Amino acid sequence: GAVVSQHPSWVICKSGTSVKIECRSLDFQATTMFWYRQFPKQSLMLMATSNEGSKATYEQGVEKDKFLINHASLTLSTLTVTSAHPEDSSFYICSAGIVGLYNEQFFGPGTRLTVL
Amino acid sequence: EDKVVQSPLSLVVHEGDTVTLNCSYEVTNFRSLLWYKQEKKAPTFLFMLTSSGIEKKSGRLSSILDKKELFSILNITATQTGDSAVYLCAPTQGGSEKLVFGKGTKLTVNP
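Those protein sequences? They're chains A and Z, same order as listed. Going from the first sequence to our numbering is simple: count from 1 and add 1131. Going from the second sequence to our numbering is simple: count from 1 and add 192.
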């Protein structure tokens, strides 16, 4: 149980284009989904927290107009990197949370974005 | 400010060795501590610790939490090359769904 999928697993795009990444919880309903970014040899950095049906909460320093998050249902959240630039190249990981006493999170397999 | 410190940052051992990875934390309203293993993809869940002094085991891996001293350790016995990965710890907090990750310990197990 507690499987999270991400699509695509990797994407290469030209500078200036937009890229959408999907995150789905396959066998449970996630009250909250999280989007992380990880640069090489660094730890996971939380970008934003999204709750179904409401606006995402962005971490300090993350541009909400550049990283659009839509959480349309309890099993789907999307991250759109708008007008991507080479510095946006990174590993993007989502996780789905089960809110409870201990707040477990389950991670998707990640999406490797390369912007040329 | 919340803080999570993992040590060592990097560790190289030979197959068969036993390793101990450390995680100390300072977070408000602590609820639990999670350990993850990250190879080339996203982290995979290892353990969730909620109570002090109760060891959790899964095969050659075990972990324990000390809520008084604010740290946790992850032990791996009889290491194998497949244990090579970055090990991340993350405390969870009441009233917040966020995880605060440490920088991780990069473990390399050589044959």
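Keep in mind that the hints were calculated from the coordinates and are not lab data. For clarity, every value in this text was computed on a predicted model and none was experimentally measured. Any given hint could be a false lead.
[Said to hold, decoys possible] A short, non-exhaustive set of chain Z residues, derived as facing chain A with CB atoms under 8 angstroms:
1. Phe222
2. Lys233
3. Pro235
4. Ala277
5. Leu280
6. Leu291
7. Lys295
8. Gly296
C-beta: ideal position from N, C-alpha, C; glycine also.
Query raised in the report: Hint check: is the beta carbon of Lys233(Z) less than 8 angstroms from a beta carbon of chain A?
Result: holds (5 angstroms)
Query raised in the report: Under the criterion of a CB-CB separation shorter than 8 angstroms, is Pro235(Z) in contact with chain A as hinted?
Result: Because about 5 angstroms separates Pro235(Z) from the closest Cβ in chain A, which is inside the 8 angstroms limit, the hint holds.
**Report entry** Supplied contact hint for Ala277(Z), tested at 8 angstroms Cβ to chain A
**Finding:** violated (13 angstroms)
Query raised in the report: Once the shortest beta carbon distance from Gly296(Z) to chain A is found, is it less than 8 angstroms?
Result: holds (5 angstroms)
Query raised in the report: Per the CB criterion, is Phe222(Z) less than 8 angstroms away from chain A?
Result: The hint is violated - Phe222(Z) has no Cβ within 8 angstroms of chain A, the shortest such distance being about 11 angstroms.
Requested in this report: Answer holds if the nearest beta-carbon of chain A is closer than 8 angstroms to that of Lys295(Z); otherwise answer violated.
Outcome: holds (5 angstroms)
Requested in this report: May I ask you to test the interface hint for Leu291(Z) with respect to chain A, counting a Cβ-Cβ separation under 8 angstroms as satisfied?
Outcome: OK, holds: Leu291(Z) within 8 angstroms of chain A, min 6 angstroms.
Query - Status of the hint placing Leu280(Z) at chain A (closest C-beta pair under 8 angstroms) - result: Check passed: Cβ of Leu280(Z) comes within 7 angstroms of chain A, closer than 8 angstroms.
In the structure shown, a violation is registered for the earlier hints numbered 1, 4, in ascending order.
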